[in-house]
Amino acid sequence: MRCGVVVFPGSNCDHDVYHVLKHVLDQDAIFLWHEDTTLKSCELVVLPGGWSYGDYLRGGAMAALSPVMTAVREHAEKGGLVLGICNGFQVLTESHLLPGALRRNRDLRFECRDVYLRVERDDLPFTHRYRAGQVVRMPIAHGEGNYEHSPAELDRIEAAGQVVFRYVSPAGELDDAWNPNGSARAIAGVVNAGGNVLGLMPHPERCAEEVLGNADGLGLFASVVRGARARLAGAAR
Amino acid sequence: MSAVAAPTAERTVDLALAREHGLTEAEWARLNGFLGRPPTVTELGITSALWSEHCSYKSSKIYLRELPTSGPHVLQGPGENAGVVDIGHGWVAVFKMESHNHPSYIEPYQGAATGVGGILRDVFTMGARPIACMDSLSFGALDAPRMRSLVDGVVRGIGDYGNCVGIPTVGGETRFHPSYDGNILVNAFALGVARRERIFKAKAAGVGNPILYVGSRTGRDGIHGASMASESFDQESEKKKPTVQVGDPFTEKVLLEACLEAMRSSAIVAIQDMGAAGLTSSTFEMAARGGVGIRLDLDRVPLRQPGLSAYEMMLSESQERMVIVARRGREEEVAKVFRRWGLEVVAIGEVTGDRCAEIVHRGVVEASLPIAPLTDDAPVYERPCVEPERLAELQAMPEVPAADDPTAALFSLLATPDLASKEWIYRQYDHTVRTSTVQGPGGDAAVLLLKGTPSGLALAADVNPVYCALDPRSGGAQAVAEAARNLAMVGATPVGLTDCLNFGNPENPEVMWQFRECVRGMAAACRALEVPVVSGNVSLYNETDGRSIHPTPTVAMVGVVENLGNSPVASFVRAGDRIVLLGADRGEFGGSAYLRWLHGVERGRPPAVDLAAEARLGRLVRQASARGLLHTAHDVAEGGLAVALAEATFAAGLGARVRAPLAPTALFSETQARAVVAVAPRHLDALLALAESLGVPADEAGEVGGERLVIEAEGAAIDAPVADLRESWSTALPAALGL
Numbered sequence: 001m002r003c004g005v006v007v008f009p010g011s012n013c014d015h016d017v018y019h020v021l022k023h024v025l026d027q028d029a030i031f032l033w034h035e036d037t038t039l040k041s042c043e044l045v046v047l048p049g050g051w052s053y054g055d056y057l058r059g060g061a062m063a064a065l066s067p068v069m070t071a072v073r074e075h076a077e078k079g080g081l082v083l084g085i086c087n088g089f090q091v092l093t094e095s096h097l098l099p100g101a102l103r104r105n106r107d108l109r110f111e112c113r114d115v116y117l118r119v120e121r122d123d124l125p126f127t128h129r130y131r132a133g134q135v136v137r138m139p140i141a142h143g144e145g146n147y148e149h150s151p152a153e154l155d156r157i158e159a160a161g162q163v164v165f166r167y168v169s170p171a172g173e174l175d176d177a178w179n180p181n182g183s184a185r186a187i188a189g190v191v192n193a194g195g196n197v198l199g200l201m202p203h204p205e206r207c208a209e210e211v212l213g214n215a216d217g218l219g220l221f222a223s224v225v226r227g228a229r230a231r232l233a234g235a236a237r
Numbered sequence: 238m239s240a241v242a243a244p245t246a247e248r249t250v251d252l253a254l255a256r257e258h259g260l261t262e263a264e265w266a267r268l269n270g271f272l273g274r275p276p277t278v279t280e281l282g283i284t285s286a287l288w289s290e291h292c293s294y295k296s297s298k299i300y301l302r303e304l305p306t307s308g309p310h311v312l313q314g315p316g317e318n319a320g321v322v323d324i325g326h327g328w329v330a331v332f333k334m335e336s337h338n339h340p341s342y343i344e345p346y347q348g349a350a351t352g353v354g355g356i357l358r359d360v361f362t363m364g365a366r367p368i369a370c371m372d373s374l375s376f377g378a379l380d381a382p383r384m385r386s387l388v389d390g391v392v393r394g395i396g397d398y399g400n401c402v403g404i405p406t407v408g409g410e411t412r413f414h415p416s417y418d419g420n421i422l423v424n425a426f427a428l429g430v431a432r433r434e435r436i437f438k439a440k441a442a443g444v445g446n447p448i449l450y451v452g453s454r455t456g457r458d459g460i461h462g463a464s465m466a467s468e469s470f471d472q473e474s475e476k477k478k479p480t481v482q483v484g485d486p487f488t489e490k491v492l493l494e495a496c497l498e499a500m501r502s503s504a505i506v507a508i509q510d511m512g513a514a515g516l517t518s519s520t521f522e523m524a525a526r527g528g529v530g531i532r533l534d535l536d537r538v539p540l541r542q543p544g545l546s547a548y549e550m551m552l553s554e555s556q557e558r559m560v561i562v563a564r565r566g567r568e569e570e571v572a573k574v575f576r577r578w579g580l581e582v583v584a585i586g587e588v589t590g591d592r593c594a595e596i597v598h599r600g601v602v603e604a605s606l607p608i609a610p611l612t613d614d615a616p617v618y619e620r621p622c623v624e625p626e627r628l629a630e631l632q633a634m635p636e637v638p639a640a641d642d643p644t645a646a647l648f649s650l651l652a653t654p655d656l657a658s659k660e661w662i663y664r665q666y667d668h669t670v671r672t673s674t675v676q677g678p679g680g681d682a683a684v685l686l687l688k689g690t691p692s693g694l695a696l697a698a699d700v701n702p703v704y705c706a707l708d709p710r711s712g713g714a715q716a717v718a719e720a721a722r723n724l725a726m727v728g729a730t731p732v733g734l735t736d737c738l739n740f741g742n743p744e745n746p747e748v749m750w751q752f753r754e755c756v757r758g759m760a761a762a763c764r765a766l767e768v769p770v771v772s773g774n775v776s777l778y779n780e781t782d783g784r785s786i787h788p789t790p791t792v793a794m795v796g797v798v799e800n801l802g803n804s805p806v807a808s809f810v811r812a813g814d815r816i817v818l819l820g821a822d823r824g825e826f827g828g829s830a831y832l833r834w835l836h837g838v839e840r841g842r843p844p845a846v847d848l849a850a851e852a853r854l855g856r857l858v859r860q861a862s863a864r865g866l867l868h869t870a871h872d873v874a875e876g877g878l879a880v881a882l883a884e885a886t887f888a889a890g891l892g893a894r895v896r897a898p899l900a901p902t903a904l905f906s907e908t909q910a911r912a913v914v915a916v917a918p919r920h921l922d923a924l925l926a927l928a929e930s931l932g933v934p935a936d937e938a939g940e941v942g943g944e945r946l947v948i949e950a951e952g953a954a955i956d957a958p959v960a961d962l963r964e965s966w967s968t969a970l971p972a973a974l975g976l
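As you go down the protein sequences, you meet chains A and B in turn.
Counting along the first sequence from 1, when you hit position 115 you're at 115 in this note's numbering, and nothing is skipped either side.
Counting along the second sequence from 1, when you hit position 737 you're at 974 in this note's numbering, and nothing is skipped either side.
What the hints contain is simulated information worked out from the structure, not anything from laboratory work.
Heads up, some of the hints might be wrong.
[What the hints assert, rightly or not] For each label pair, taking beta carbons as the anchor points, the in silico distance ranges come out as:
1. B:964 to A:184: 24 to 34 Å
2. A:184 to B:890: 26 to 36 Å
3. B:890 to A:174: 22 to 32 Å
4. A:35 to B:609: 44 to 54 Å
5. B:266 to A:58: 53 to 63 Å
All C-beta atoms in this analysis are idealised placements derived from N, C-alpha and C, irrespective of residue type, glycine included.
All chains should be built: construct the whole structure from the sequences, respecting the hints.
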C-alpha cells in the first residue's frame, strides 16, 4: 500500500512511523511535506507525533490550517484512510475530522510510560487484526492527551461506536488509576463516523518490533496495510 | 563585574574595566602587549569571553593533558564540538557532555532547557543525528531554600526541550546533597550517530569563502554567559538572570533537520553552533582550527530588536544559531535548504588569510584581533594545589553502628531520595521516541538499538561526589570504574567516555588539588579499563559565598553491545533462576549511604578501587552475556548488596532468597567490583567455571522466586514482601518533593 507520512515542521515521530511501514511491513512509504497540495496517490495518510509548528498556540491548532490538510480533508471525505497519532490526533480534532478535544494532562505534566488499552472495535480497517476486548500495551508520551467532549456528545460517539481504544488496567477494567491523563471515559482513541479516520494518543509505532520488547502496536499497522480496503465499506455503522 | 549591560561608549577602556570583565592585571598587560595599543571595548569583551575559564580551560588544561584520549576506536578526541568513536557496521557515535550549572541555579527552567539545546547542537553540528540524551543532576538537600522549585524547574526544562526536539532521554542520575544547596549541577549529555565518512568538522578554510549565519535572531539574552559561568555565586546572583539564555526547542528541531539536510551536499566547508560566547567563540574557534582569519560585517547580523552594539552582538548567547562556512558560489544551495525549513540565512562575512579577526559595524572597525593569542595561545595557569587541611581528619574511619534490624535499615535506605526510584523524573522525559530504546531509564545502563544492525549502544553516567570529597584520586577512578561496570551489566564493551568536571573555585588551592587528584584518578582508571576520553567540559567556580561544592567529575560512558539478543537486564525475570554473587566484600563503609543517610556520618576512606578486579569482573559479565548465560546482571553500588538485591526484585515483582555469609551490617558495605547475576539452573556450572577461569570470586547464593526478598546473613536476616519494599522505594521521591 502507498502510505504517506506528513512532515510538519516540528514533527518528530515521522521517521518512526515511516520505519514501521517501510522496513517492518515492507510498504511503499513516502514523506509528504506540510506545503504539499496533493497526497501523491497515497491510500493511507499518517499524521505523526511531535510539536507541529512548535505547538505554541495549542497542540495541532496551527497544523490544522496547513496547506497539506486541505488535501487530507478531501481524502478523508472521500473515504480515504487517515491515521493521527499523538500530535496527529490533536491535528485531527483541531481540523474537526474527529470529535472532541485534547486538553493538558490531569496532572499538568508530560507523561511518558506504558499504558494498557482495551480494543473496543475489531471491525475497523485499523483494528481487524485485534479482537474486541483485547488488552494491548503501548507507550504514551504527551502533555496534552486529556480527551474531552460534552457529555451529550460523548454519549453520541459512544452510541455510534466511535470509541476505539480506552485506557484500562492490565486486566482490562476501567479504573481511574490506570487512566494516565484524565481523559473523559478513559478514551484513548476515536474514529470518525465513516470509520476511515482514526486518532489515538498512544504510540503504536513505538511497539511494533520484538527487539524493543513489545510488538503490540504492529497489529494496528498490519490491519491497515493488509485487508483494510475490504473492511472500509463495512466500517461505518 | 557588571554582567548585564555593555559599558557605555564614554567609559574608558582601562584596567578597572578589564577587571570588571574578569581579567587579571597580568592578562590586561598581555592583551595590551600583543595588540601594541589599548583594546576597544568590543575587543575587551571578546577577550574576556575567550579567556574566561569556561572557554579557555586555563586552570584545567595542564591536568586534562594527563587523560588518555586515543584508542583503536577514536576518530576524534577532545578539541572539536564532540568526540567521535567507531561503533562498527560503518557507523560512528558522536557524543559530549556539558554543564549548565550556573544558569540552572539562577533560572532552572531555561537554564536546564538551553543546556539540552546546546549539547544537541554540539552533536548535530558534527553531522550526526542525535539519538539519545542523558542528564546528571546534583541538587541540594530538599529542604534547602528554593530546592523543590529548582528540581521542578530543571526537570520541566529538560523535558520540554528534549521532548519537543524528539530526542529520547534514556538515562542519567540524580542525587541530593547539601553541598549543592547553593549551586546545583545540571550536566547534559547527548549522543548522535552518523556514517563514518559523513562527519563534519568546525575548521574554517578557503580564503574568500562566505560565512553564513543561520537560525534564530540575535537578542540581548545571555550576554556574558561564559563569564558568568566562570565566577562564584554570592548574594548578587539574582541580578544575573538576564545572562541566562532563553530556549526555543521548535527552532532547534527545524535547525537540526535543516543542518543535516544541508550537510548532505558538499557545499558546506565547516559548521559550528553558537554556544557559550556566541558569535565570538564560534567564529574564533573555527578560524583557529583552520589557521585562517575572519572578517565579519555586523550590520548584516539578523537582530531581534534594533540598536544592539557590536559588543552586544559579539557576546550575545541567543540560542539556536549556527555559523557555516560555505563554498564560495554555492551559498545559495545551502541557503535554499534553510529557507525551506523557515529559517533565516545571511552571509555575515568571509574567511580571510591573515589569521586575524576584523569586525566591522556601521563602517567602524570595532575589533581587529589576532586569532591565536586569544585561542590556542590563551593564558594557561598552573595554580597552586594543597591537600585540604581537614582531609586526614575526615578520612579517619568512624565507628560503624551495627545494623540490628537490617530489614528496617533497608526500608530506610530505599526511601532516601538518592536511592529511591527516579521514575517521577524520567516519566516526564520522552524516552521511547525514535523507536530505538531497548532499555530505558532505571537500569544500570541504557541500551539503544543501532537500527539495521544486530548491535546496540549502551550508555551510563556515574560519579560519587562523596567518595570524591573524601579521597579525590580514588573517587575519580571510581566514577570511571562504575560507569564501565554499569556498561558491562548489559554486555557492553566501553568505547569511549565524555566527562563534565564540576569543581569549586580553582583559585582555592584545596579545590585545585581536588581537581588534579580526581583527574589523575580518572586517568589511571581510563588506562586500566582501556577507555579513552573523547570530549568533555570543565565547570569551575561552583561555589556560593566561599563554600565549594563536592568535587563532581561526572563520567558518561558509551559502549557497544555486539549482539543485542543476549543482553541481560538489571532485574530478576524468571523464578527458579540461580543467584550468583560476583566479587568479594571487604566491609567498606567510608562515605557509604549507610553511614550518611542512616547515621548522619560522612567520613572515612571511600571503598578502595581495584582496577584489575574491575577489569576482570567486566570481562566475566561481558563474556557470560555474549554466551547467553545471564538473565540478570546488576552491579552492587550505593547501599551495598542489600539495596542491589532489592532493586533487582522491583521491575517484575519477583522475590528472591539469598544466603550471604556476612554480618548483617555488611549487607550495606560498598566494596567495589561486585555484581549480582541470575542464571537459569542449567547455566550455573558454566558461569561458575567461567568466573574461576577469569579470576572473579563467585558464590552461588540463592534463588529467584516468591513474593518476598529474604537475605539471610549471620545472625539476622532481611525479610520483607517485595511489594512493601517497592512501595517505599517508588513513593519516596514524589513524597519528599511534597507532591
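So, going through the hints one by one against the coordinates:
{"no.": "1", "hint": "B:964 to A:184: 24 to 34 Å", "result": "30 Å, holds"}
{"no.": "2", "hint": "A:184 to B:890: 26 to 36 Å", "result": "31 Å, holds"}
{"no.": "3", "hint": "B:890 to A:174: 22 to 32 Å", "result": "23 Å, holds"}
{"no.": "4", "hint": "A:35 to B:609: 44 to 54 Å", "result": "47 Å, holds"}
{"no.": "5", "hint": "B:266 to A:58: 53 to 63 Å", "result": "58 Å, holds"}
In summary, this structure violates none of the numbered hints.
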